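The listed protein sequences correspond, in order, to chains A and B.
Okay, so the first sequence: first residue is 7 according to this note's numbering, each after it adds one.
Okay, so the second sequence: first residue is 8 according to this note's numbering, each after it adds one.
By construction, these hints were calculated from the structure, which means they are not laboratory data.
One or more of the hints may lead you astray.
[As the list claims (entries may be wrong)] Facing chain A, from chain B, some residues (calculated, C-beta under 8 angstroms):
hint : residue
1    : Phe-132
2    : Ser-134
3    : Cys-137
These figures come from a predicted structure and were not determined experimentally.
Where a beta carbon is used, it is the ideal one built from N, C-alpha and C, also for glycine.
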Amino acid sequence: MMLHNHISIFISAITISLSLLWSPDINARQISPKTKNRPTTKAIADTTATFRGFEVTFDLLGAAQMWLSDYGQYETALRVDIKDKYFPIVELGYGKADAKDESTNLHYKTNAPYIRIGLDFNLLKNKHDIYRLYGGFRYAFTSYKFDVTSPGVTDPVWGGIAPYSAKDIQVHYQWIEAVAGVDVKISGPIHLGWSIRCRRRLFHNDGGIGNTWYVPGFGKQGGSRLGGTFNLIFQF
Amino acid sequence: METKKIKKRSGRERTFRIVTIVTLLAGVLLTGCSSLDCPYENRVYTKYQLKGDVKMLLDTLTVTTNRISDGSDTILLNQAVKIDSFELPMSYANAQDVFHFHIKRTDKQTFTDTVIVNKKDQTHFESVDCNPAYFHTLTGISYTTHAIDSIVIHNTQVNYDASQPHFYIYFRYHD
Numbered sequence: 007m008m009l010h011n012h013i014s015i016f017i018s019a020i021t022i023s024l025s026l027l028w029s030p031d032i033n034a035r036q037i038s039p040k041t042k043n044r045p046t047t048k049a050i051a052d053t054t055a056t057f058r059g060f061e062v063t064f065d066l067l068g069a070a071q072m073w074l075s076d077y078g079q080y081e082t083a084l085r086v087d088i089k090d091k092y093f094p095i096v097e098l099g100y101g102k103a104d105a106k107d108e109s110t111n112l113h114y115k116t117n118a119p120y121i122r123i124g125l126d127f128n129l130l131k132n133k134h135d136i137y138r139l140y141g142g143f144r145y146a147f148t149s150y151k152f153d154v155t156s157p158g159v160t161d162p163v164w165g166g167i168a169p170y171s172a173k174d175i176q177v178h179y180q181w182i183e184a185v186a187g188v189d190v191k192i193s194g195p196i197h198l199g200w201s202i203r204c205r206r207r208l209f210h211n212d213g214g215i216g217n218t219w220y221v222p223g224f225g226k227q228g229g230s231r232l233g234g235t236f237n238l239i240f241q242f
Numbered sequence: 008m009e010t011k012k013i014k015k016r017s018g019r020e021r022t023f024r025i026v027t028i029v030t031l032l033a034g035v036l037l038t039g040c041s042s043l044d045c046p047y048e049n050r051v052y053t054k055y056q057l058k059g060d061v062k063m064l065l066d067t068l069t070v071t072t073n074r075i076s077d078g079s080d081t082i083l084l085n086q087a088v089k090i091d092s093f094e095l096p097m098s099y100a101n102a103q104d105v106f107h108f109h110i111k112r113t114d115k116q117t118f119t120d121t122v123i124v125n126k127k128d129q130t131h132f133e134s135v136d137c138n139p140a141y142f143h144t145l146t147g148i149s150y151t152t153h154a155i156d157s158i159v160i161h162n163t164q165v166n167y168d169a170s171q172p173h174f175y176i177y178f179r180y181h182d
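Please model the complete structure; the sequences and the hints are all you need to start from.
Structure follows, in structure tokens:
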């Protein structure tokens with residue numbers, strides 16, 4: 007069941023990505039005479055205003071994951087544009103997992119908000135381009151409770167059904183992320199972009215019964231340290 | 008003419024195309040991969056280490072217990088000879104486990120000792136993909152002393168790690 011969900015996300019990611027990569031609109035922009043004939047700029051003093059605007063971002067990958075899988079997150083972010091170079095960002099999300107494995111009969115349930123704060127840097131030489139290549143970092147925190155329930159486990163030696171459940175296990179997590187991403191202007195204020203993240207756990211409390219399976223905002227524990235977002239961005 | 012046009016193509020455009028493809032592949036890998044992270048060592052056993060005058064048991068040792076469900080006995084250790092340690096499982100959720108140690112000496116004499124282990128059980132969770140487990144904290148032990156001299160608790164935590172003995176068991180010495 008879970009494998010099928012992953013395959014669905016995999017196919018969705020390919021479809022969305024290919025649409026982005028080879029959309030006629032983007033290709034038209036890439037080879038448009040306007041772009042092609044853009045005059046070369048000389049090194050002059052940067053007179054760009056300090057506050058250039060802000061962006062509101064929605065993570066479509068996390069939402070798709072939530073829709074197609076046993077876990078996922080709804081995430082939005084507010085990013086401020088300072089001189090087209092620096093982008094302080096606050097990411098707020100709501101992670102949720104409601105997973106049941108048919109072979110182990112274990113049911114894991116949690117839902118909680120999380121927050122990330124950080125800074126992105128525009129890595130392109132031309133900071134004012136409609137394309138952006140970002141590098142940055144985040145500090146993230148979440149505190150949540152989770153339940154693990156089961157109809158019981160058969161003791162193979164002594165026989166009988168042993169109860170197996172743990173409810174309202176209190177957990178907290180703090181971690182940092184290194185971020186790399188791209189933004190592409192689609193039309194007007196609408197941008198699309200990817201980000202990939204490498205996570206490192208700083209402090210955590212697993213609640214005393216072993217591990218916590220899904221951490222809101224962090225993902226599945228024990229899996230890959232890498233994560234990602236596919237962002238729909240509105241620039242103002 | 009055509010070659011020149013290709014060469015003149017914006018480097019930025021190529022860079023973006025490469026970055027987008029790399030990012031795409033990374034995203035696909037991230038969403039497409041799934042792995043199980045269940046521990047390789049997933050047995051929860053207690054280890055008994057022989058100590059004292061009998062560090063190597065030349066007699067034959069069989070350990071049995073009675074099932075809670077139907078009262079029938081089941082063999083946990085079958086006719087072990089020349090052992091310096093052995094491992095026994097623990098029940099998932101019983102407050103105490105009762106073991107019967109059947110010792111058949113080399114001179115054909117047989118003895119049966121009863122060992123009662125008291126414990127607290129803890130639910131242990133790794134992942135929804137991994138089989139549920141129970142860890143235990145040893146709280147006490149009592150035993151008869153026909154062939155066993157004494158047993159002491161050395162390590163109270165029973166989990167996936169059975170490298171450290173949980174009990175030191177002293178058998179009575181005989182010629």
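Structure-based check of each hint:
1. Hint status for Phe-132(B) relative to chain A: holds, with the closest Cβ pair at about 4 angstroms, below 8 angstroms.
2. With a cut of 8 angstroms, the hint placing Ser-134(B) at the interface with chain A holds, because the nearest CB-to-CB distance is about 5 angstroms.
3. Here the hint on Cys-137(B) is kept, as its CB sits about 7 angstroms from the closest CB of chain A, short of 8 angstroms.
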